[in-house]
Amino acid sequence: MLDISGLFLVLSLGLLHGANDLSLIKKIKLNYSQKITSYTLVYLSLVLLVLGAFYFIPVIILVAFILISAYHFGEQHLQMNRKFTKPLFKFIYFTFGLSILIGLFFFNSASTSEIISDITNYSIPAYFYQYALFFALTLLMISFLLVLLRNELKLIFVLKKIFDLVLVFSVFYFSELLFGFAIYFVFWHTLPSLNDQIKFLYGENSKATWLTYLKKSLPIWLISILGLFLLYYLFGNDNLYLSIMFAFIAAVTFPHVIVIERMFEKYNSKNLNQ
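Numbering (this note's numbering), first residue to last: 208 to 481.
Keep in mind the hints are simulated off the structure, nothing from the lab.
A quick note: this is a predicted structure, and the numbers were derived from the prediction, not measured.
Note that beta-carbon positions come from the ideal geometry of N, C-alpha and C, so glycine has one too.
Incorrect hints may have been included.
The list that follows gives simulated cross-link-like pairs (lysine-lysine, BS3-like), each with its CA atoms no further than 25 Å apart [said to hold, decoys possible]:
hint, residue 1, residue 2
1, 233, 361
2, 414, 233
3, 473, 234
4, 423, 473
5, 414, 297
6, 406, 422
7, 297, 361
8, 297, 367
9, 236, 406
10, 233, 473
11, 297, 236
Pair ranges (Cβ atoms, derived) [as the list claims (entries may be wrong)]:
hint, residue 1, residue 2, range
12, 267, 338, 17 to 25 Å
13, 212, 293, 35 to 43 Å
14, 335, 425, 25 to 33 Å
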């Protein structure tokens with residue numbers, strides 16, 4: 208029952224937050240109307256490229272997906288603090304997000320290893336997640352210490368983010384893999400991302416702007432949902448469905464991460480110039 212609830216959250220709000228990327232591109236690129244076809248083709252080409260690459264090199268695509276998702280998750284948590292050195296804050300984004308993902312895998316190591324084995328035919332031992340989590344957290348603490356020593360972050364901010372991480376880990380500890388991920392993905396990532404996207408697109412968060420966003424996102428969201436249900440109908444009783452679903456998620460994640468990073472760069476450069 209919890210897995211069904213988690214799947215519902217991911218398919219509803221989770222997919223929704225990536226369904227309006229073309230509107231974001233239009234806002235980022237002021238001359239978008241003159242190049243709508245080219246931008247759309249580039250976006251779709253990247254999706255198809257990832258799908259094709261997954262067929263030939265699933266292990267590499269899986270690792271790349273985890274690393275890029277780690278950066279994306281960390282960016283959403285910490286993106287409002289861009290006054291410090293660019294390479295360093297990018298590294299903090301990555302290590303923060305990586306700690307979250309490895310924490311999810313660590314507290315659900317058996318389920319994670321089973322999924323990885325189904326996708327790649329490689330078996331990951333349980334102790335790997337323990338070492339990986341220690342490594343990710345060590346890098347995160349070192350990077351936090353560096354920005355504190357350089358007076359580029361306040362201690363209270365770092366402590367809040369560490370508390371946030373502990374809270375997320377608590378959710379992972381008491382939840383199964385899918386439900387724990389869904390809770391994190393929707394409430395710590397998707398809802399804040401929707402707020403940021405709506406504010407970037409329309410200048411404010413209000414009932415009217417949320418409704419506008421939902422209306423513009425609805426066609427892409429429905430196509431995505433129908434596509435996933437079609438895949439389930441065709442391959443639902445086959446391990447192949449898991450691989451295809453992961454390939455689909457990875458394929459749409461790669462261009463989405465690029466769009467969101469450009470959105471934050473545009474938003475923050477505008478604020479710094481004011």
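Going through the hints against the structure:
no.: 1; hint: 233 / 361; verdict: violated, 35 Å
no.: 2; hint: 414 / 233; verdict: holds, 22 Å
no.: 3; hint: 473 / 234; verdict: holds, 9 Å
no.: 4; hint: 423 / 473; verdict: holds, 21 Å
no.: 5; hint: 414 / 297; verdict: violated, 33 Å
no.: 6; hint: 406 / 422; verdict: holds, 16 Å
no.: 7; hint: 297 / 361; verdict: holds, 17 Å
no.: 8; hint: 297 / 367; verdict: holds, 19 Å
no.: 9; hint: 236 / 406; verdict: holds, 17 Å
no.: 10; hint: 233 / 473; verdict: holds, 12 Å
no.: 11; hint: 297 / 236; verdict: holds, 23 Å
no.: 12; hint: 267 / 338: 17 to 25 Å; verdict: holds, 21 Å
no.: 13; hint: 212 / 293: 35 to 43 Å; verdict: holds, 39 Å
no.: 14; hint: 335 / 425: 25 to 33 Å; verdict: violated, 41 Å
Consistency with the previously given hints fails for numbers 1, 5, 14, ordered from lowest to highest.
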